[in-house]
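Residue numbers (this note's numbering), protein chains in the order written: chain H, 1 to 235; chain U, 236 to 544.
These are calculated hints, taken from the structure and not from any lab test.
Among these hints, one or two may not hold up.
Not everything, but these chain U residues come out facing chain H in the computed CB check (under 8 Å) [claimed, not checked]: (1) E355; (2) V367; (3) A371; (4) R405; (5) S407; (6) L410; (7) S413; (8) C414; (9) E417; (10) S424; (11) I425; (12) H509.
From the derived model, a few chain U residues whose C-beta atoms are all more than 12 Å from chain H [said to hold, decoys possible]: (13) I258; (14) I415; (15) S465.
Selected chain H positions facing chain U (in silico; Cβ < 8 Å) [to be verified]: (16) S54; (17) G56; (18) D95; (19) A100.
These numbers come from a predicted model, not from an experiment.
Idealized CB from N, CA, C, for every residue including glycine.
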Amino acid sequence: MLQLDNVTKRYGGLVAVNGVSARIAAAQTTAIIGPNGAGKTTLFGMIAGAIPPSDGRIIFADHDITRWSADQVCRAGIGRTFQVVRPFWAMTVHDHLRAAAAFGSKAASRSESTVLSDIVTLCGLQDVADRVALTLTLADCRRLEIARALATGARMILLDETMAGLTPEETEQAIQLVKGVVAAGRTVVLIEHVLPAVRGLADRVIVLDRGAVIADGEPIEVLSSATVKKAYLGE
Amino acid sequence: MTRLIPILLLIALAALPFAGPAIPGGVYITRLAVIGLLYIASATAWDLVGGLTGQVSFGHSAFFGIGAYMTAWLVGTGWPMPLTLLPGALLAAAYGALWGWPCLRLRGPFFAIATIGVGEATRLIALLAEGVTGGATGLTLSIGGWEHTAYYLALGLVVVAFALSWLVRRSSLGLGLSCIREDVEAATSIGIKVGWLQVQALMLSAAVVAAAGGIYARYLYYVEPGDVFSFNRGIALILMATIGGLNSKWGPAIGAVIFLGLEQGLAAWFPQGHLGIYGLLLIGVMLYEPNGVVAFGRKLRGVASAAAR
Numbered sequence: 001m002l003q004l005d006n007v008t009k010r011y012g013g014l015v016a017v018n019g020v021s022a023r024i025a026a027a028q029t030t031a032i033i034g035p036n037g038a039g040k041t042t043l044f045g046m047i048a049g050a051i052p053p054s055d056g057r058i059i060f061a062d063h064d065i066t067r068w069s070a071d072q073v074c075r076a077g078i079g080r081t082f083q084v085v086r087p088f089w090a091m092t093v094h095d096h097l098r099a100a101a102a103f104g105s106k107a108a109s110r111s112e113s114t115v116l117s118d119i120v121t122l123c124g125l126q127d128v129a130d131r132v133a134l135t136l137t138l139a140d141c142r143r144l145e146i147a148r149a150l151a152t153g154a155r156m157i158l159l160d161e162t163m164a165g166l167t168p169e170e171t172e173q174a175i176q177l178v179k180g181v182v183a184a185g186r187t188v189v190l191i192e193h194v195l196p197a198v199r200g201l202a203d204r205v206i207v208l209d210r211g212a213v214i215a216d217g218e219p220i221e222v223l224s225s226a227t228v229k230k231a232y233l234g235e
Numbered sequence: 236m237t238r239l240i241p242i243l244l245l246i247a248l249a250a251l252p253f254a255g256p257a258i259p260g261g262v263y264i265t266r267l268a269v270i271g272l273l274y275i276a277s278a279t280a281w282d283l284v285g286g287l288t289g290q291v292s293f294g295h296s297a298f299f300g301i302g303a304y305m306t307a308w309l310v311g312t313g314w315p316m317p318l319t320l321l322p323g324a325l326l327a328a329a330y331g332a333l334w335g336w337p338c339l340r341l342r343g344p345f346f347a348i349a350t351i352g353v354g355e356a357t358r359l360i361a362l363l364a365e366g367v368t369g370g371a372t373g374l375t376l377s378i379g380g381w382e383h384t385a386y387y388l389a390l391g392l393v394v395v396a397f398a399l400s401w402l403v404r405r406s407s408l409g410l411g412l413s414c415i416r417e418d419v420e421a422a423t424s425i426g427i428k429v430g431w432l433q434v435q436a437l438m439l440s441a442a443v444v445a446a447a448g449g450i451y452a453r454y455l456y457y458v459e460p461g462d463v464f465s466f467n468r469g470i471a472l473i474l475m476a477t478i479g480g481l482n483s484k485w486g487p488a489i490g491a492v493i494f495l496g497l498e499q500g501l502a503a504w505f506p507q508g509h510l511g512i513y514g515l516l517l518i519g520v521m522l523y524e525p526n527g528v529v530a531f532g533r534k535l536r537g538v539a540s541a542a543a544r
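Turn these sequences into a full structure, and let the hints steer you where they fit.
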């Protein structure tokens with residue numbers, strides 16, 4: 001579904017992402033992990049069209065989206081959340097979803113109110129649907145961002161540290177939510193530091209360190225590999 | 236009851252030109268009301284960009300001037316006056332698209348500064364193009380018999396501006412513009428074409444302000460770049476909308492009425508210093524009630540109903 005060929009981002013002399021190649025299959029959940037500064041969020045930004053790659057190609061559903069703008073990428077079917085939440089603060093939860101459905105991918109343009117209310121239920125936002133984002137808790141804002149990405153009709157959802165800063169209880173709810181998103185037939189790619197969540201969710205784990213892929217495979221083998229432990233914990 | 240107020244207000248305004256000669260000072264009030272109605276329509280239209288989209292434009296004087304000049308030229312060649320408003324509105328919308336497309340990539344103070352440049356450049360070009368605009372001497376229109384028509388056109392434009400504002404806010408365009416105001420990057424992440432949506436808002440807003448300029452030209456019988464393209468016209472719209480309440484249904488209109496009252500009073504007492512007093516007023520609003528008079532009124536009503544209980 002998504003193919004990365006030698007994707008690279010340089011900022012002057014600094015190479016943030018260095019020749020990352022991977023194929024991500026539809027209906028799978030892929031986790032991208034790695035220490036801080038490994039280039040995970042930059043890689044996400046390049047897939048989402050927010051950051052132009054310096055080199056390499058990104059192919060999504062047979063389209064070369066390497067040079068596409070963020071709004072084009074969204075309309076092609078990729079939705080995203082942000083590492084630091086970016087809701088539309090003065091707008092209600094419901095208006096977030098209406099906007100996402102109105103402007104998102106073409107497949108979603110017919111998504112009627114029933115689809116939106118399904119998303120509200122899936123994300124557990126029923127009780128706050130008429131509240132403005134400013135009054136929501138962090139956990140609600142994270143769920144709101146997932147709901148907003150879903151409402152665009154995206155086939156692939158990029159989740160950037162959805163569990164960061166959540167309580168253990170909220171983390172468990174977030175894990176259930178991501179499972180629900182997968183069950184609804186969407187392909188999920190997530191960046192995550194909460195390793196139990198990665199074990200519980202991911203079909204596949206890609207490990208980045210200093211911009212390059214150092215491991216790629218099943219969660220159990222990857223998380224126990226010596227290279228990965230070294231990258232995370234040092235010698 | 237509150238739903239009836241706009242309708243009653245509209246009926247009262249429609250009757251004013253006929254009642255005017257009968258009430259003391261009525262003729263003066265009617266003349267002033269034309270300017271007031273043009274302010275209300277312009278401020279409401281400005282708010283589509285400045286309030287709803289959150290892009291503060293100092294450059295709307297350019298649209299006002301274009302509309303004023305278009306009407307002056309076309310009336311001179313024998314067009315019926317009301318028809319001249321349409322080409323003026325279209326030209327202003329096209330002009331808005333021309334500079335909006337590059338400038339609306341900027342946000343906040345950077346966009347505001349760019350629009351100051353656009354407004355002033357337009358004024359200087361109009362001043363220097365003497366063959367077209369009459370330069371500093373301006374152009375004079377044929378005189379006589381237009382007061383009533385100008386008044387009703389201005390009243391009609393207020394209705395158009397309110398209808399436009401209401402329609403935009405209810406449409407997906409308005410929803411998208413709200414997203415852009417709140418967070419541009421998040422807006423693009425849900426597929427919003429940020430540039431194109433903002434250009435649409437600017438074009439609609441420009442068309443209404445240009446029509447106001449056209450009515451103003453016919454009403455005054457005279458256009459001159461230093462007046463219709465003046466920097467103060469751009470500032471005035473910002474003051475009206477901000478004092479009244481940005482991004483609200485009634486705010487810009489209420490702000491326009493307050494501005495007109497101050498303008499009449501202050502310009503007589505302090506011919507040099509009245510703009511300074513607007514500045515102080517603006518600072519006061521920003522510090523104590525950033526959401527304007529409308530929000531202040533809402534709070535007062537809240538206090539009153541709490542006290543009644």
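(message) Taking the earlier hints as the rules, which of them does this structure contradict?
(response) 1, 2, 3, 4, 12, 14, 16, 17
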